[in-house]
Amino acid sequence: MIEAVIPQASLLKKIIEAIKELVDEANFDFSETGIRLQAMDKSHIALSFLHLRSDGFSEYRCDRSQTLGINLNSFSKILKCSANDDQVQIKAADEAEALSLTFENSAKDRMSEFNLKLMDIDIDSVEVPDMDYQATVSMSAQEFARIVRDLGSIGEAVTIDATKQGVRFSATGDDGSGNILLKHQKSVDDDSTSATTVEITEPVSHSLALKYLANFAKAAPLADRVTINLIEEAPVMFEFKISDMGHIRFYLAPQIEEDND
Amino acid sequence: MIEAVIPQASLLKKIIEAIKELVDEANFDFSETGIRLQAMDKSHIALSFLHLRSDGFSEYRCDRSQTLGINLNSFSKILKCSANDDQVQIKAADEAEALSLTFENSAKDRMSEFNLKLMDIDIDSVEVPDMDYQATVSMSAQEFARIVRDLGSIGEAVTIDATKQGVRFSATGDDGSGNILLKHQKSVDDDSTSATTVEITEPVSHSLALKYLANFAKAAPLADRVTINLIEEAPVMFEFKISDMGHIRFYLAPQIEEDND
Amino acid sequence: MIEAVIPQASLLKKIIEAIKELVDEANFDFSETGIRLQAMDKSHIALSFLHLRSDGFSEYRCDRSQTLGINLNSFSKILKCSANDDQVQIKAADEAEALSLTFENSAKDRMSEFNLKLMDIDIDSVEVPDMDYQATVSMSAQEFARIVRDLGSIGEAVTIDATKQGVRFSATGDDGSGNILLKHQKSVDDDSTSATTVEITEPVSHSLALKYLANFAKAAPLADRVTINLIEEAPVMFEFKISDMGHIRFYLAPQIEEDND
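Chains as they are written, first to last, in the working numbering: chain A, 7 to 267; chain B, 7 to 267; chain C, 7 to 267.
These are computed hints drawn from the structure, not numbers from a lab. Don't take each hint at face value.
Remember, identical chains collapse to one label, so a pair may be satisfied in a single copy or spanning two.
No farther apart than 27 Å at their CA atoms in a straight line, the calculated lysine-lysine pairs in the DSS-like style are these [said to hold, decoys possible]: (1) Lys-217 <-> Lys-83; (2) Lys-217 <-> Lys-86; (3) Lys-97 <-> Lys-247; (4) Lys-114 <-> Lys-83; (5) Lys-123 <-> Lys-97; (6) Lys-83 <-> Lys-224; (7) Lys-189 <-> Lys-86; (8) Lys-224 <-> Lys-86; (9) Lys-26 <-> Lys-97; (10) Lys-83 <-> Lys-19.
All chains, full assembly: derive it from the sequences and hints.
In structure tokens form, the structure reads like this:
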């Protein structure tokens, strides 16, 4: 028996919107400690991890660990039937064939119940070792989404260069080329969500396919900031924190470019 | 000779937008008491009635009853040439071949005149007897439009169940199923436009095609509230009041479902 | 060596948006006094002129006159990578193969550099003599854009009649016909951007293809007002002033209509 309550439907909507760009179907692993999801995109190049801790829910109960296979488009359709401020209750019996979703408004005079069919999804799980990244860029998630969109109109790949001075995003295409430099801010107000900081042991440069970054950028509404974690010869990790509750992480393998600078 | 003045073009725009989803062409019956329109959709399943009382116009004159056949898409195109706050004057001579529309702004320095070609439309009129409905649901028109849109993403038909407790809208589709319950409010503020009330002599349940309801929902901008009137073995009637002026009513025959609950 | 600085990227964006509807590629002639562009649409019916005076830039330097051939869609794509409030620096070396564009935000912590490939464009330049127009209509640029859009839903051509009373725009199509009259305002507040004035020596009437006017109307965001300059047997000239900096002018030859009134 699983039962979890989220006070605002908008949060769950944003989480599903962020994942469903990469995969159509995914396994949600429910356990006592919370919910975990791991999904590989169809081309096996990008990997996404979601972790929602049980203490981030207003109510959470999971009698025994259970994996629920869910079609994310169907999930998204049903979530669109909730108002952003609705409370959402998720429920599944042991061996359930459907996930039950209940939306209730604060006046308690409107209650919706939806059943989402569950499915068996055969996925091998991948272990991603923790890394001592050489460079960690922390920047506005909205700015990240904008850069990805802007450079997407110029070329198909972006080179991310992290140095002590800041982080530079570059792209080249048929019309010309461009790069955007965000300077490292030495002293940052705690309140500031727009400042960029780069923590670095060694400069790193990686070239990445912009179409995956465009998918990752769908997670920007979830978080004020994104961190980009880089190390030579390993996938780049993008992390969006989900406030007081967990995070969503995306891993993307760099492109090997002959003319890589 | 017909002459009618409406102080705000936006009202006429909303009326035509609400009807043109169901029918391409319609007869407007002008008489001393006002304007009536009756239109059957192409598949002969949904019927719409419009009534605008003469006293709701700021000026109204109709020397003798006259029927004007109008292409609603053309009418809509011309109305889009008015500003929402423009005064609209409608004019037609006896045996006119065109309807004259004049839009004037409040500063009186901008005046537009349009002529809309009239046409002969051959339509049999249908008598709809007044009914003692078993259940009358009064609810927010905006909420109605939202439920129709939400359930339209789940299935093709909606079952409306009216009971003393409230009204429940349910739909089933390939991804799962869902239902939305609006509870009956015993005491309702006169100001409230969001509360739901159900007046009932006997519980009624009908299954209706959502695509027609999606068309009816185009009338939601016209009115704060919609009433849904149900009785066994007769079409469901949806009424949107047009403030101080009349109403628009839609009739839709229920679907006979084998698995109807 | 060319170097020019515009304090706000939004202005340059609007200028390019206004021209790129008419032509795909254009020559920008840089000289000591400023920038000039002349472009003929593909069907050789509409002509556009842009003039930006050097004193309208916050910095301007042009060592020797130079013509830069630019693909306007590529230019527009790169400009979309700037924020509206960014400062834009345009730079080209002598015999440059690319135009360099630098965008910088006011906090100076975000800097973007783009290179736009230049091209050789072979265009004959056209001389347009100055005219003593018979009628000059000055009106709101936004109102002009709206009339063009509204009448575009009625017909394919608009007749512009300028008289002492005002200016009338008329169109006829399959659904009907329409005309919009803007009355001449004798005394106009200097602040008013919505009033219409008609200076006239002789009434003029011209019929013009609405599809070109729809392109010209893309310049409306650049200016509060547009002037329409008419004279018998010569193209109509539409002028949008670019504040303190120059103007964009469009010339369109009237249609010869058999049933022209």
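### Query
Which earlier hints turn out false for this structure, listed by number in ascending order?
none
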